[in-house]
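Peer 1: Chains as they are written, first to last, in my numbering: chain A, 1 to 94; chain B, 1 to 801.
Simulated from the structure, these hints should not be mistaken for lab results. What you were told as hints is all true, and nothing was included just to trick you.
Once the Cα atoms are required to be at most 25 Å apart in a straight line, the calculated PhoX-like pairs of lysine-lysine come out as:
1) A:Lys26 to B:Lys650
2) A:Lys80 to B:Lys650
3) B:Lys104 to B:Lys466
4) B:Lys106 to B:Lys467
5) B:Lys463 to B:Lys373
6) B:Lys105 to B:Lys466
Each chain, letter by letter, is given below.
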Amino acid sequence: MLHTILQLTLLLVSLSMLGLIYRLIKGPTTPDRVVALDAIGINLIAIIALVSMLLDTFAFLEVILLLGILAFIGTVAFSKFLEKGEIIERDRDH
Amino acid sequence: MTLLHWAIISPFLFAILIPFLYKAFRSIHTGWFVLLLPVALFSYFIQFMPITRDGNTIKETAEWMPSFGINFIAYIDGLGLLFALLITGIGSLVVLYSIYYLDKKKEQLHNFYVYLMMFMGAMLGVVLSDNLIVLYMFWEFTSISSFLLIGYWYHRERSRYGAQKSMLITVFGGLSMLAGFILLYLMGGTFSIRELISQSDQLMTNALFIPAMLLVLLGAFTKSAQFPFHIWLPDAMEAPTPVSAYLHSATMVKAGIYLVARMSPLFAETSLWLWLVGGFGIFTLFWGSFNAVKQTDLKGILAFSTVSQLGLIMSLLGVGAAALHYTHLDDNIYMVATLAAVFHLINHATFKGSLFMVVGIIDHETGTRDIRKLGGLMSFMPITFTVAVIGAFSMAGLPPFNGFLSKEMFFTGMVRVLEMDIFSLDTAGILFPVLAWVGSIFTLIYSMILVFKTFTGEHQPEKLEKKPHEAPFGMLISPIILASLVIVFGFFPNILSERIIAPAVAAITPSLVEEGHVIEAHITFWHGFTPELFMTLGVILFGILLYQLLPKWKKIYSWIPERLTLNSIYDGGLVRGERAAFSFTRGYMTGFIRSYLVYIFAFFIGILLFTLWFKGAFAINTGDLAPIGIYEIAIALLLVISSVSILFAKSRLTAIILLGAAGYTVSLFFVLFRAPDLALTQLVIETVSVALFLLCFYHLPPLSRHEERMSFKLGNALISIGVGVVVTLFAISAYSTKLSESISEYYIKNVYEEAAGKNMVNVILVDFRGFDTLFEICVLAIAALGIYSMIKLRLTRRKEG
Numbered sequence: 001m002l003h004t005i006l007q008l009t010l011l012l013v014s015l016s017m018l019g020l021i022y023r024l025i026k027g028p029t030t031p032d033r034v035v036a037l038d039a040i041g042i043n044l045i046a047i048i049a050l051v052s053m054l055l056d057t058f059a060f061l062e063v064i065l066l067l068g069i070l071a072f073i074g075t076v077a078f079s080k081f082l083e084k085g086e087i088i089e090r091d092r093d094h
Numbered sequence: 001m002t003l004l005h006w007a008i009i010s011p012f013l014f015a016i017l018i019p020f021l022y023k024a025f026r027s028i029h030t031g032w033f034v035l036l037l038p039v040a041l042f043s044y045f046i047q048f049m050p051i052t053r054d055g056n057t058i059k060e061t062a063e064w065m066p067s068f069g070i071n072f073i074a075y076i077d078g079l080g081l082l083f084a085l086l087i088t089g090i091g092s093l094v095v096l097y098s099i100y101y102l103d104k105k106k107e108q109l110h111n112f113y114v115y116l117m118m119f120m121g122a123m124l125g126v127v128l129s130d131n132l133i134v135l136y137m138f139w140e141f142t143s144i145s146s147f148l149l150i151g152y153w154y155h156r157e158r159s160r161y162g163a164q165k166s167m168l169i170t171v172f173g174g175l176s177m178l179a180g181f182i183l184l185y186l187m188g189g190t191f192s193i194r195e196l197i198s199q200s201d202q203l204m205t206n207a208l209f210i211p212a213m214l215l216v217l218l219g220a221f222t223k224s225a226q227f228p229f230h231i232w233l234p235d236a237m238e239a240p241t242p243v244s245a246y247l248h249s250a251t252m253v254k255a256g257i258y259l260v261a262r263m264s265p266l267f268a269e270t271s272l273w274l275w276l277v278g279g280f281g282i283f284t285l286f287w288g289s290f291n292a293v294k295q296t297d298l299k300g301i302l303a304f305s306t307v308s309q310l311g312l313i314m315s316l317l318g319v320g321a322a323a324l325h326y327t328h329l330d331d332n333i334y335m336v337a338t339l340a341a342v343f344h345l346i347n348h349a350t351f352k353g354s355l356f357m358v359v360g361i362i363d364h365e366t367g368t369r370d371i372r373k374l375g376g377l378m379s380f381m382p383i384t385f386t387v388a389v390i391g392a393f394s395m396a397g398l399p400p401f402n403g404f405l406s407k408e409m410f411f412t413g414m415v416r417v418l419e420m421d422i423f424s425l426d427t428a429g430i431l432f433p434v435l436a437w438v439g440s441i442f443t444l445i446y447s448m449i450l451v452f453k454t455f456t457g458e459h460q461p462e463k464l465e466k467k468p469h470e471a472p473f474g475m476l477i478s479p480i481i482l483a484s485l486v487i488v489f490g491f492f493p494n495i496l497s498e499r500i501i502a503p504a505v506a507a508i509t510p511s512l513v514e515e516g517h518v519i520e521a522h523i524t525f526w527h528g529f530t531p532e533l534f535m536t537l538g539v540i541l542f543g544i545l546l547y548q549l550l551p552k553w554k555k556i557y558s559w560i561p562e563r564l565t566l567n568s569i570y571d572g573g574l575v576r577g578e579r580a581a582f583s584f585t586r587g588y589m590t591g592f593i594r595s596y597l598v599y600i601f602a603f604f605i606g607i608l609l610f611t612l613w614f615k616g617a618f619a620i621n622t623g624d625l626a627p628i629g630i631y632e633i634a635i636a637l638l639l640v641i642s643s644v645s646i647l648f649a650k651s652r653l654t655a656i657i658l659l660g661a662a663g664y665t666v667s668l669f670f671v672l673f674r675a676p677d678l679a680l681t682q683l684v685i686e687t688v689s690v691a692l693f694l695l696c697f698y699h700l701p702p703l704s705r706h707e708e709r710m711s712f713k714l715g716n717a718l719i720s721i722g723v724g725v726v727v728t729l730f731a732i733s734a735y736s737t738k739l740s741e742s743i744s745e746y747y748i749k750n751v752y753e754e755a756a757g758k759n760m761v762n763v764i765l766v767d768f769r770g771f772d773t774l775f776e777i778c779v780l781a782i783a784a785l786g787i788y789s790m791i792k793l794r795l796t797r798r799k800e801g
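Chain A with its partners taken away, still in its complex shape:
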C-alpha cells in the first residue's frame, strides 16, 4: 500500500517537475527562471525523500539537508545578482 502511494506521489512530483522545467526553459524573464529553479530544488528534496523511502535507507538524509541549504543560498545569490548586479560586494574599508 505504502509502495503504491509512494510511486503515485513520485509521479505527481515528477509531473510538477516537468511543469517547472517548462517554466525554466520558456522564461520569459530571468526571475521566472530563478523561481522555477528554486522550486525544482525543493521538488528534488521531495523526490530524494520519496526515493530514500522507496530504497529504505537513511543514507540520503544529508543530501536533503544539503539541497535545502544550496537551494536557499543559490536563490539568494541569484536574487542579489539580479538586484545589484554582483553577488559579493567589495568591502568599502579597503
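Using the hints provided, position chain B relative to the given structure of chain A.
Peer 2: Leaving out everything else, chain B in the frame of chain A:
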C-alpha cells in the same frame, strides 16, 4: 685498444691540441706541427705493406658496445691499406701545401687544421673499420668535417651555399646507407663486413637483399658524386684549394668508391649490381667530362673532371663484378676491370691532387681562376706549367704517364664487356665501350683547355689583379712530388702492382683468390696492336680535332634549357619543398581551436570505429542487464531534455541554467543508484560551478552578450553525433564482454575489519587508495593557486598602465 686503433683516432686527439699550439706559437705556422702527424701515420701504415702483399690481413678488436654487436674492429687488408696510404700520403702533401697556401696572419688556421685533422681521422676510420656502424659513424664524420671545410670562408655566400648543398646530399646518402646497413644486420645478424661476406650466399636469396643493396649504393653514389648526385661537388669548390685537392679529388669522394669495392664481395653476384654500378658509373663518366668542357672556372673544370673520373672507376668496379661469373676460366680476362679500377684510383689521386694544387698556385699568384682572363703564363711559371702538363696529360690518358696505362686498361675492361654473355650484356653492353670512348674524347678536350687556355696563348695582364710570377718553392714541393709519382708510376707501374694493387684486387674479389695464391697483376706498357690502342689513337685524333673546332660546336651546351639542369632542379626542389611544407602547415594549422577539435574528434571517431570493425569487437550481451524502473526512465528523460535544450538555448544565461539542471539531474541519478557521497559532492560542486559560470557571463563584454542561437553546422553536428555513437557502441561492447570478476568483494569484506570504517567509499578514498586522494588535493591546490596568481599577477597591464 691497440696501437692501430690509436693510430686511427690519433687525428681526432691531435685536433684537440691544435688550438693550443696555434695560440702558443703564433710566430710558427700551425701547419708545421700538423704535418708531423700524417707523415708519422704514413710511415706507420707503410710497414703493413709486406703483410698484405702475402695475402694476410690484420684484425684488431676494441670493444665499444658489445651488447649491440658494435665494436671498433680495425681491419687491414689490401684495399684498406691502399686507401690509408692515400689518405695519409696525400694528407701530408696537402698539409705541406697548405702551409704555403694559407696566410699565417689572415686566416684562422686553428679552425682549418682542426677540421682537416677531423676529416683525416674520419677517413681513416671509414677505410679501416670492419664494423658497419663504426664505418657509418666515421662516414658521417667525413660529411660533417667536409661541411665545415667547404664553409671555411663562412662569410661568403657561395661557401655557405656549397656547404649546405654538400651536407644535404651526402647526409641524405649517409642515412640511406645506414638503413642499408641495418637491413644487412637484420639479414645476417652481424655488423661485421667479414662475417657478412662469409654468408653472402644465403643473404642473396633474402627478400631484403635488393633493398639493402640499393640503399648502400645510394650512400656510395651520393658520396662519390655519381650522376645525378654529382651536383654538390662543383659547388664544393668554394672551399680553400688544399681542401679541394684533398677531399674532393683524392679522399672523400673516393669513400663511395671504397664502399662499393668493399661491398663487392657481398653484392656483386647479382646482375642489378653490375648494371647499377657499371651503368651509373659510365654515364657519370660521360656526363662529367661532357660538362667539364663548358666550365670557365679552373676548379669547375677539375670538379667535373673528378666527377667523370670517379664515374670511370665506378664503372670499372661494376664491370669487374662480371668476373665472378667466370670462375671456371683459368685466365679470367674480366679481372682486368677491377685491376684497372684500383690502378686508376691511385693514378687519379696523384694527378688530380697535383692539378688542384696547380690551380691553387695560379689562383694565388694571379688572383683569378677564370680561364677567360688567363693565358700565356708559361713563361712566368715554368715549373707550374710542367706540373700542369704532366697532370693534365695523365688525366687525358696520354703516354708516357700513368693515366695512359690505366686508361688502356679501362678500355680493355670496357671492350671485354662485349664478350660477356650474361645479363644481356652482349646486346646493351655496347653502351659501355661507346660511352667510355666518347667520354675519353671530352676528357682530352678539357685537359687541353686546362693547359692551353691557361699557359699558352696571349698574356692578358690588364685583366689580372696581380703581376704573375712563379710560386714560392714550398708551394711547389707537393705538386712536384705528385707529378713525379705520375711519371714514376707511368714508367714503372709494376712497383705498385705487386705490393698494393694485387692485395687490393684480392680484397675486392676474395672468392676468386685461391688459398695460398696471389693475384697476378702485371701491367705492361706495350700490349701490341689491340683495339684499345686504336681507341686511344681515335681519342687523340678526335680530341685534337674537336678542340680546334671548339668555338663552332660550343653552343650545343645551350641546348639544355637552364630550367632543366640538375642544379636548378635541386634549387627549385628546395624552394618548392619549403613552400609546400609551409603551405601545408598553414593549411591545417589554422590557429582556431575549433579546427583542432574537429581533427581530434574526427580521428577519434575514425580510429575507434575502424578498430571496432576491424577487430570485430562489437558485441551485445543482454544476459546480465538489470531491470529498468520507471524512475530511471523519468530521470533519464529529464537529463536528455535539459542537455538537448542547451543546444537550442537562445541566451547564454538559459544555457547555464540548463547545465545546472542537468547537473542536478545527475545527482538525482546518484541518489537513485545509491551513492549518497557522490550525490552530496555533485550537488555542491554543481552549485559552485553554476555560480562560476554566472560570474563569467556577468563579465562578458556587452557586444558578445546579444542573444543569438548557436548556428547550425552540418560538419559539427555529424562529428558530435559520431562521437556520441562511438562512445555508446564502445560502452555497450565493453559491458557485454566482461573478462574478469570485480575486485570489490575484497573491499566489502575488509572495510570494517581492516580499515575500521563503515563508509566504504570514504575508506577507499582515504585508506585503501589514499594516494589518489593526495594528488587530487594537489590538483585542487594548484588550481586555487593558479586562479589566485592569474587574478593577482598583472605584469603586462602594469607596464601599460
